[in-house]
Amino acid sequence: MSLSLNIEILQNGVQMISLATDIAPGEVVSVMGPSGIGKSTLLAAITGTLPPAFCVKGNIVLNGRDITHAPPHSRRAGILFQDDLLFPHLSVGANLAFGLSRDIKPRSARRSRVESALEDVAMAGFYSRDPATLSGGQRARVALMRTLLAEPEALLLDEPFSRLDATLRSQIRHLVFDHARARDLPVLMVTHDAQDAEAAGGRVIHLT
Amino acid sequence: MRLAPTLTIALLIGPVLAGLAGTIAPALGFFPALGGTSVSPAPFLDLFATPGIWASTRLSLTTGLLATAISLAITALVLAGWSGTRSFGAIQAVLSPLLSVPHAAAAFGLAFLIAPSGWISRLASPWLTGWERPPDLLIVNDPWGLAMIAGLVVKEVPFLLLMSIAALPQTRPGRSYTVTASLGYTRLRGWFLITLPQLYARIRLPVYAVLAYSMSVVDVALILGPTTPPSLAVRVVQWMNDPDLSMRFQAAAAAVWQLVLVIGSLFLWRLCENLLARWSVVLASSGRRGRSNGFGRAVGLTFAILVAGSVLLGLGGLVAWSFAGFWGFPDVLPDTLTARHWARHGSNMLPVLWQTVLIAVIATALAVVLVLACLQTEVTNNLRRGRTALWLLYLPLLMPQVAFLPGFQTYALLLGIDLGTGAVTLTHLVFVLPYVMLSLEDTFRAVEPRHMVVAASLGASPSAQFWRIRLPILLAPVLTAAAVGFAVSIGQYLPTLLIGAGRVQTLTTEAVALASGGDRRVIGVYALAQTGLVMLAFASALALPRLVWANRRALREAA
Numbered sequence: 001m002s003l004s005l006n007i008e009i010l011q012n013g014v015q016m017i018s019l020a021t022d023i024a025p026g027e028v029v030s031v032m033g034p035s036g037i038g039k040s041t042l043l044a045a046i047t048g049t050l051p052p053a054f055c056v057k058g059n060i061v062l063n064g065r066d067i068t069h070a071p072p073h074s075r076r077a078g079i080l081f082q083d084d085l086l087f088p089h090l091s092v093g094a095n096l097a098f099g100l101s102r103d104i105k106p107r108s109a110r111r112s113r114v115e116s117a118l119e120d121v122a123m124a125g126f127y128s129r130d131p132a133t134l135s136g137g138q139r140a141r142v143a144l145m146r147t148l149l150a151e152p153e154a155l156l157l158d159e160p161f162s163r164l165d166a167t168l169r170s171q172i173r174h175l176v177f178d179h180a181r182a183r184d185l186p187v188l189m190v191t192h193d194a195q196d197a198e199a200a201g202g203r204v205i206h207l208t
Numbered sequence: 001m002r003l004a005p006t007l008t009i010a011l012l013i014g015p016v017l018a019g020l021a022g023t024i025a026p027a028l029g030f031f032p033a034l035g036g037t038s039v040s041p042a043p044f045l046d047l048f049a050t051p052g053i054w055a056s057t058r059l060s061l062t063t064g065l066l067a068t069a070i071s072l073a074i075t076a077l078v079l080a081g082w083s084g085t086r087s088f089g090a091i092q093a094v095l096s097p098l099l100s101v102p103h104a105a106a107a108f109g110l111a112f113l114i115a116p117s118g119w120i121s122r123l124a125s126p127w128l129t130g131w132e133r134p135p136d137l138l139i140v141n142d143p144w145g146l147a148m149i150a151g152l153v154v155k156e157v158p159f160l161l162l163m164s165i166a167a168l169p170q171t172r173p174g175r176s177y178t179v180t181a182s183l184g185y186t187r188l189r190g191w192f193l194i195t196l197p198q199l200y201a202r203i204r205l206p207v208y209a210v211l212a213y214s215m216s217v218v219d220v221a222l223i224l225g226p227t228t229p230p231s232l233a234v235r236v237v238q239w240m241n242d243p244d245l246s247m248r249f250q251a252a253a254a255a256v257w258q259l260v261l262v263i264g265s266l267f268l269w270r271l272c273e274n275l276l277a278r279w280s281v282v283l284a285s286s287g288r289r290g291r292s293n294g295f296g297r298a299v300g301l302t303f304a305i306l307v308a309g310s311v312l313l314g315l316g317g318l319v320a321w322s323f324a325g326f327w328g329f330p331d332v333l334p335d336t337l338t339a340r341h342w343a344r345h346g347s348n349m350l351p352v353l354w355q356t357v358l359i360a361v362i363a364t365a366l367a368v369v370l371v372l373a374c375l376q377t378e379v380t381n382n383l384r385r386g387r388t389a390l391w392l393l394y395l396p397l398l399m400p401q402v403a404f405l406p407g408f409q410t411y412a413l414l415l416g417i418d419l420g421t422g423a424v425t426l427t428h429l430v431f432v433l434p435y436v437m438l439s440l441e442d443t444f445r446a447v448e449p450r451h452m453v454v455a456a457s458l459g460a461s462p463s464a465q466f467w468r469i470r471l472p473i474l475l476a477p478v479l480t481a482a483a484v485g486f487a488v489s490i491g492q493y494l495p496t497l498l499i500g501a502g503r504v505q506t507l508t509t510e511a512v513a514l515a516s517g518g519d520r521r522v523i524g525v526y527a528l529a530q531t532g533l534v535m536l537a538f539a540s541a542l543a544l545p546r547l548v549w550a551n552r553r554a555l556r557e558a559a
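Those sequence lines, one after another, are chains A and B.
Quick note: the first sequence uses our numbering, first residue 1, plus one each step.
Quick note: the second sequence uses our numbering, first residue 1, plus one each step.
Just so you know, these hints were derived from the structure itself, not from any lab.
You may find that some hints are simply not true.
As the list claims (entries may be wrong) - Beyond 10 Å from chain A on every Cβ pair, some chain B residues (computed):
{"id": "1", "residue": "Trp-131"}
{"id": "2", "residue": "Leu-168"}
{"id": "3", "residue": "Gln-198"}
{"id": "4", "residue": "Leu-301"}
{"id": "5", "residue": "Val-361"}
{"id": "6", "residue": "Arg-450"}
{"id": "7", "residue": "Val-453"}
{"id": "8", "residue": "Pro-472"}
{"id": "9", "residue": "Gly-502"}
Said to hold, decoys possible - Here are some, though not all, of the chain A residues that point toward chain B, as calculated from beta-carbon distances under 7 Å:
{"id": "10", "residue": "Ala-24"}
{"id": "11", "residue": "Gly-26"}
{"id": "12", "residue": "Pro-52"}
{"id": "13", "residue": "Leu-85"}
Here a beta-carbon is modelled for each residue, glycine too, at the ideal position from N, C-alpha and C.
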């Protein structure tokens with residue numbers, strides 16, 4: 001799996017970002033730059049959720065598929081934000097099952113896939129919990145597993161650790177990077193925290 | 001789906017424009033079905049030659065302008081003195097449910113309270129007044145329309161207050177208060193000079209809707225308003241229902257006259273807005289900081305209590321009368337209580353109740369579906385609703401009902417068809433739609449957009465995002481919007497009367513029809529049934545999300 005970007009993002013016709021890079025399977029590329037430079041816009045271009053004032057030129061190729069203009073839901077690019085964004089009306093288990101492919105049937109198989117994902121992050125027995133009752137670290141872990149259960153072909157991280165306190169941050173950071181490497185996912189992380197980039201250990205691109 | 005906005009706009013303006021055309025043509029003497037084949041000024045000449053027409057005109061102007069000005073003043077005073085304080089929560093908690101009391105029921109309640117034989121007079125008799133029997137005073141239906149103005153004010157204050165509370169956070173009142181207070185301004189002075197101008201810009205359309213409504217209301221006028229002569233809108237309805245069909249010309253002319261009055265008053269109001277705005281700039285630049293808060297705050301609180309008290313005591317009066325056996329004057333409570341009136345009128349009422357609910361449920365369901373489709377189209381296509389669309393949304397609320405609904409009878413006569421329950425339901429939809437949209441749109445747009453980005457990245461299509469994420473999260477606001485729509489439909493009087501041509505009966509038309517009979521026990525039963533339906537809807541809208549999301553803290557707290 002690999003993600004190859006060769007894009008220009010224009011805001012109202014004016015060039016805002018220009019980036020050309022290939023991200024290899026299991027590689028973590030960090031994008032850094034001051035706030036307002038358009039780091040999140042870059043990720044929105046890849047997920048296909050750019051606001052209407054923006055347009056993207058060039059191409060985004062994920063695993064050989066040109067997804068530059070594909071509908072967001074068929075791109076298979078998983079994303080994690082600084083907020084966990086667990087759906088508030090679904091239980092922890094249903095949040096995870098939301099990500100799980102439809103092809104996994106029957107219901108019992110879906111359930112056991114979700115249970116084992118919970119076990120992977122030491123949260124066995126949390127299936128029917130209300131996400132609002134979880135701690136910050138637990139929520140971050142559920143959000144990660146939800147993204148991974150959808151079997152994405154790339155992982156995008158939008159300042160994913162900035163809301164966590166220092167000890168939790170390094171713990172979750174390792175969890176995310178380890179899981180991504182284990183699945184050979186190309187990872188693109190935008191951050192303004194130099195420690196994030198350092199921990200990722202990969203290339204760092206500075207946007208200016 | 002993509003057609004929803006177009007369909008909605010067509011539903012909002014189509015009936016209004018068609019109805020206006022159907023009203024203006026006969027007003028100009030053109031109505032072939034009744035022998036009017038050429039344009040002539042005769043209907044207007046007849047109208048202005050009618051005895052008492054100028055008194056009716058004056059009443060429409062005074063009741064409308066005064067009711068709106070007083071409601072707005074009370075609302076502003078309550079907000080200026082109390083918003084942002086701990087007590088404001090209590091004021092809000094008492095005033096908000098009043099919105100669910102239908103206009104007609106509130107008007108009946110007020111009438112039972114202030115009538116010569118009403119509760120206030122009973123409480124003060126004979127020890128204070130010396131009255132052994134009800135005095136012969138014309139308090140309800142007074143010729144100046146004061147009772148009618150009071151009846152409108154007690155309903156419009158909760159409406160304006162809730163619209164203001166929704167808009168207030170955008171004006172950052174807390175920050176303004178800190179700044180004005182640190183510059184030495186009293187709370188009231190600071191609020192009126194800094195926050196009110198920003199707030200008013202956001203509630204201008206609801207205020208205009210209140211003005212147009214108060215000038216042309218029929219049901220409240222029939223219950224509380226003057227009778228000799230009545231206000232203009234009431235006379236339009238009387239002439240529309242005249243067995244002599246040629247009176248339709250004059251009715252149409254009066255309807256157009258009503259429209260002219262409303263438009264003129266809106267311009268007059270706008271002019272006063274400008275004058276007040278200039279004056280407030282002068283005042284703000286004068287450096288006068290205001291002397292004390294106490295008096296203004298006390299006045300605001302007093303009026304809030306008066307408004308809430310008269311509606312709540314009025315409802316109490318309806319309950320008392322509906323269960324009253326013999327109840328002599330000046331006894332404060334009935335000698336005996338009986339369920340007889342409920343038993344006797346209840347069975348007659350059931351088919352009407354069923355009809356009322358059916359119309360309200362269908363109109364509300366259609367409105368909710370259309371509004372959701374519009375909003376979903378808006379978010380999926382990244383559209384922004386412009387100012388024009390907002391005005392279109394308010395069009396059915398700014399246009400006096402009595403000015404365009406008669407037009408549909410013109411078409412019905414022209415085509416020789418009967419407009420039945422279906423047509424009544426569609427007309428209700430025209431008035432339900434704007435309120436459902438206004439109630440739902442902000443929360444719909446406020447749903448965390450990144451939830452949809454996440455859902456899309458997990459492979460959910462736009463329709464799956466809507467059904468599986470957005471709609472469940474919005475359960476509580478959707479149900480509240482539905483309850484608002486249901487309440488609007490239940491409260492409709494004129495559309496049911498004029499479109500149903502007397503053959504479609506709802507609790508509201510029945511209750512208002514009972515007004516002239518003066519049997520307080522039956523009126524109590526009907527007005528309470530009407531209020532009960534609306535309260536039930538709001539109670540379900542509050543309770544259901546709490547039950548469904550009992551185990552979801554984030555949504556339970558938002559509900």
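>> If you test the structure against every hint from before, which numbers come out violated?
In response: 6, 7, 8, 10 and 11
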